[in-house]
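Undergrad: Join the two chains, each given in its own frame, into one complex according to the hints.
Single-letter residue listing:
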Amino acid sequence: MEGLNKLTADELIEKLNNKEITSGQIVSCLSKRIKEIDSKVKAYVRFEDKLASWPVSQLASSNDNRQTGKPANRQTDILRGIPISIKDNICTEGYDTECCSKILEGFKPPYDATVIRKLKEAGATILETKTNMDEFAFGSSTENSFFGPTHNPWDLDCVPGGSSGGSAAAVAADEAIWALGSDTGGSIRQPASFCGVVGLKPTYGRVSRYGLIAFASSLDQIGAITKDVRDCAFLMKIISGYDPLDSTSVNIEVPDYTKSLGMDIKGIKIAIPKEYFIEGMEPEVKSALREAIKKLKALGCECSEISLPHTEYAVPVYYIIATAEASSNLARFDGVQYGLRYKNSRTCEPANLIDMYKKTRGEGFGEEAKRRIILGTFALSHGYYDAYYLRALKVRTLIKQDFEQAFLEFDCIITPTSPTPAFKIGEKIEDPLKMYLSDIYTISVNLTGIPGISIPCGFTKKGLPVGMQILAKPFAEEMLFRVAYTYEQNTSWHKMRPKL
Amino acid sequence: MAIPNEAGRKGVASGSRRATENVSEVGITKETVEYVAHLARIELKPEELEKLSGQLQDIINFIDKLKKLDVNNVNPTSHILALENVFREDTARESLPVDKVLMNAPCRKGNFFVVPKIIE
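Line order of the protein sequences matches chains E and A.
Note that this note's numbering has the first sequence beginning at 1, numbered continuously upward.
Note that this note's numbering has the second sequence beginning at 1, numbered continuously upward.
Simulated from the structure, these hints should not be mistaken for lab results.
Do not take every clue at face value.
If we take Cβ atoms under 7 Å as the criterion, some of the chain A residues that face chain E in the derived model are [stated by the list, open to error]:
1) LYS30
2) ALA40
3) ILE42
4) GLN55
5) GLN57
6) PHE62
7) VAL98
8) VAL114
9) ILE119
For every residue, glycine included, the Cβ atom is placed at its ideal position computed from N, Cα and C.
Chain A with its partners taken away, still in its complex shape (with noise of 0.2 Å):
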């Protein structure tokens, strides 16, 4: 079984994980993790963005190993359970008070959450 004895990487229990034999073609840089961090909307410090890059080729490299199979004919499984368009009837019902809404707002007015402007 291939993933604990990948080369460079000895066993589960302990061994080195420099040189995985495998590199992904996607190449990772700082310029994509930037990319995708804005996708988030998440802001990285730089010490951040580079420690990440070099993490997240690491785990695309080994993630990569998908690609040996062939799944052509083989239907995704998004969801584990036979359930289908689970609904309810179309009718009001009790729902949290406005209070309790807005409990926890960072910042509040009424019963409004206070936020930065939106359109200029």
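Same shape as in the complex, but just chain E (with noise of 0.2 Å):
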């Protein structure tokens, strides 16, 4: 069976439900698409190891889990054995899990996430190979990963957005059918637009971050990644929960999210904010939101210009408290349990305890990681945690209050998912700030904790993908996949594929 690679997970749900074809079959079409491009988008991670044995070890998990698996695998089977494929700050029990980082070389997690338990239970075969991102889920751009970026299967001189860019890349060459990511800041969705693929954040304690490798822990949040909006709610339905493991995810009972495709749309009240569409953006960008917003006017749709004032302090609010967050989580990285030790070269050995951390440190954390690290130890050390952290999070909370005034009146709003198409590869590396700017529109989703989804809308005239994000008040996932689907069901964007 040829080409199964290229259909979405409902698709191969229905070939295998009627015994047209076999999991077995489906990883084998990824392996071979993955031999044939990988080498050239960079979407995957500690491949080559792998390429000997691959798929043969990911049949074999995905039979273990149907005939020896403990009683507590596979407990409805909805996913046949469908590989999912996953970021690499996501904990796999024994396989390879980094971060994309030299300091957690060769870390192989003890336990699964709770999102892998769930897929498990369900059924999915887990790909052992990791997606590529940014070393810890610092950057917007996957050039910050250890292992190098990944190309934009659009343009591959072009990036594919971060920090997950590694699975929307993946997702979108076929060489995936379906991928979780995480995001901080823009992580998921920012990727998503940039390669033309469906990217959902969900509201902030809706999925588990019990084995996600922590970022900033008030703001991070796993979500999908795929190739259309169905296949969207379907997997988050499978992830999505309350988890005790995990103390601020919240008791609130998961919806079946596949209901809210194909309901109308008519009278829903979607906000512009003005603030969104600014001179700097690239002209394309604004145009094809333009003409998505007229496509959702049509549809019956009642769209108005609104104002989110605090908009402009959302990047420097982020940039304090994600930091100052990251710093703490990064502590853990110290040699002592896991990943890299420094070794003295002559003595073998590092000289004291402290050298073992500032060397180990040192060596293995990338540029990014430490600039991140030393700017959060910044803003939360003595004399300056008042001028900067504190205030930011008073500032996080003026950004909050607009949001929630939008939403008294709204059903939700609808902005670019960033001001730019995807960049090229080296083109802002050099230039923090530059780099730290283009979360503009993503940011404040995570600084208020509101789900957020980002779908096709168009592409530029060089051929590359443009993205509309579609934002709701917390737990009104299904506001988003509503108007996203009848959107999406309008248009053909989810269909076209780049040429690889």
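TA: Shown next as structure tokens:
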């Protein structure tokens, strides 16, 4: 059976249920595609080691799941062995999970993340080879990976976005059926928009963070990256839910998100924040969004302009809070229990404890990681805590209030996902501030904890995808799916594929 | 909206950013960075120290725009959900077997992680 890698999970489940194909055949098609093009795209990491045994080890793991797995596994088998690709910061028991950082080289988690456990219980095949990412999710381009950048399947000279660039590129290039990513400041939505696929960050607390290697604990969420909105709704239903192992997860029932697909959107009130349509944004992004809004109006939505007055403060607030939290979360990488431990080349041992910490971290962290940890440590340090960290927390409240105000009157907010389409590899990497500013539309969503989805809404003349972001109030993912699906089904963006 | 139109920052899509209008009164010197790196237990090479000081100064200059806001009567948001005191029952339950805990140890002896001497 050829070309199964090009289908969506939903299409594959139908074929599996009708016994037209086996999950082994899907894995074979994926394997063939990856061997064919991943040397150009580099969506996956540490792939070469696995080439000889891949996908046999995957088949083996899915068979074990079926025949000899513990009773706790494979509870519903709704996924029937469909493979899923996982970002390198989500723990998979026994499979290398390194956050694309040297400091976690060789780390094999002793436990599964909750989302992985849920996927296994649903019958998924977890791909052992992980997708590329910016180291510790620090980045917006996947250029900060220890393994080098991923290349955008639509233009190999361009970035796929970040930090979940590997996952987004793999889905766009049909090297993955669907994938998990993580989003702290836009790391699912922005690469989804750069790669022309669907990416959703759920409400904070909707999906368990247990097993997600933490970047910023008050901002991180795991979410879905898929070829279309139906697959996204389906995957989110599987991974969402309360988890006693994550004290920040919320005990609210998970609706069947697929029931929102196909619901009428007449009369839905959409807010368009004027601060998100600015002079500096790329004109083709602006025009693609204007067309998308026209389409939504034609489908019966009521669109109005609003103001989110504190928008301009979102990036500085984020880069204080996120880096402060990161400086705390990354303190655990010290050479003691896992990963890299500095060895003096003469004596084979660090001289003392401080030496071990400093040299392990100095050697193991990349440039961006060091930059963020130092910035975060500074913001929390004596004498600066009030002026920076505490002040940022207060401005976060002001930003939150802007959104709360908007959602009193409107069902959702629509913005571009990014001010530009995918930029060239190397274009922004030497200028951290320029890179940070590219998160401008996605960042407030994490600061306020609301859910957001990015869906394709057009292409530039050079053939680069443009993404539209839809936001809703907390735990209103159903609204996102409802609007996104109807828009998608009345356009053909989701059917387009890069020529690779 | 100020961010992309700050002086020297012509637009998000393009523009050089050397001349930021806003200069923080907080000066980030090499000594500052060295001190903070020590707090963070990271050893920096001299060229890293040099580069970082400049970049961090630019970032602090940019972040300083937050000082323009009046936040006197605003409560900080450290946690976005209305969750408080999430506890579990104080009962023992199964935890990771020792072998699994130690399986990634860079240096192991029996059931211990081996580390350099802490107390002289």
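Undergrad: Determine which of the earlier numbered hints do not hold for this structure and return their numbers in increasing order.
TA: Going through the list in order, the structure violates hints 1, 5, 7, 8, 9 and respects the others.
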